[in-house]
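Student: Sequence:
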Amino acid sequence: MKGYSATSSKDYAFITNGFSWPLTLCFIGDGGVASGTDVRLLKFGNSTLAGHGGNEWGNEVFVVYQIDRQHKKVLFTLSRIGTKTISPNVVVAFVGDAVRALQ
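If you're matching positions, the sequence shown starts at 1 in my numbering and goes up one per residue.
Just so you know, the hints here were simulated from the structure itself, not pulled from any lab data.
Here a beta-carbon is modelled for each residue, glycine too, at the ideal position from N, C-alpha and C.
A few of these clues could be false.
Here are the simulated DSBU-like pairs of lysine-lysine, each with C-alpha atoms no more than 30 Å apart in a straight line [as the list claims (entries may be wrong)]:
1) LYS10 to LYS43
2) LYS72 to LYS2
3) LYS73 to LYS10
4) LYS2 to LYS73
5) LYS43 to LYS73
6) LYS72 to LYS43
What follows is a set of in silico ranges between Cβ atoms, one per label pair, in the way DEER data are often shown [as the list claims (entries may be wrong)]:
7) TRP57 to TYR4: 22 to 28 Å
8) GLY58 to GLY29: 29 to 35 Å
9) TRP57 to ALA101: 32 to 38 Å
10) THR37 to VAL99: 18 to 24 Å
11) ARG100 to THR77: 18 to 24 Å
12) ASP11 to ARG69: 33 to 39 Å
13) GLY54 to LEU102: 30 to 36 Å
14) ASN89 to VAL33: 23 to 29 Å
15) ILE28 to SER8: 31 to 37 Å
16) SER8 to VAL99: 32 to 38 Å
17) LYS2 to CYS26: 18 to 24 Å
Using the sequences provided together with the hints, build the complete structure.
Tutor: This is the structure we're talking about:
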């Protein structure tokens, strides 16, 4: 997936960014799961999963995964604030190819 990100440590200047590992999305009942995250996701419509999470150190994160079925793309947005760890506050917007998994 490729796109842009901006971090608080760089004064929120947008840079080209992305990741190359596979992302698997599963739509299940009223929710779903995404590989690589433990954020609880809710399903909105047929193509959107969204969720939020946090921890006792003040980390707050909101994520959205959407499938553009017409163009066969996955859209991913994330924003994270309040981190008192080594990770800076961040906002990201990525797009990648969507491939239907074998059932």
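Student: All hints are to be evaluated individually against the structure, with a verdict given for each.
Tutor: Hints, one by one, checked against the model:
| no. | hint | in the structure |
| --- | --- | --- |
| 1 | LYS10 to LYS43 | violated, 33 Å |
| 2 | LYS72 to LYS2 | holds, 15 Å |
| 3 | LYS73 to LYS10 | holds, 29 Å |
| 4 | LYS2 to LYS73 | holds, 11 Å |
| 5 | LYS43 to LYS73 | holds, 18 Å |
| 6 | LYS72 to LYS43 | holds, 19 Å |
| 7 | TRP57 to TYR4: 22 to 28 Å | holds, 26 Å |
| 8 | GLY58 to GLY29: 29 to 35 Å | holds, 31 Å |
| 9 | TRP57 to ALA101: 32 to 38 Å | holds, 35 Å |
| 10 | THR37 to VAL99: 18 to 24 Å | holds, 19 Å |
| 11 | ARG100 to THR77: 18 to 24 Å | holds, 22 Å |
| 12 | ASP11 to ARG69: 33 to 39 Å | holds, 37 Å |
| 13 | GLY54 to LEU102: 30 to 36 Å | holds, 35 Å |
| 14 | ASN89 to VAL33: 23 to 29 Å | holds, 25 Å |
| 15 | ILE28 to SER8: 31 to 37 Å | holds, 34 Å |
| 16 | SER8 to VAL99: 32 to 38 Å | holds, 34 Å |
| 17 | LYS2 to CYS26: 18 to 24 Å | holds, 23 Å |
In this structure, only the earlier hint numbered 1 is contradicted, and the remaining ones agree with it.
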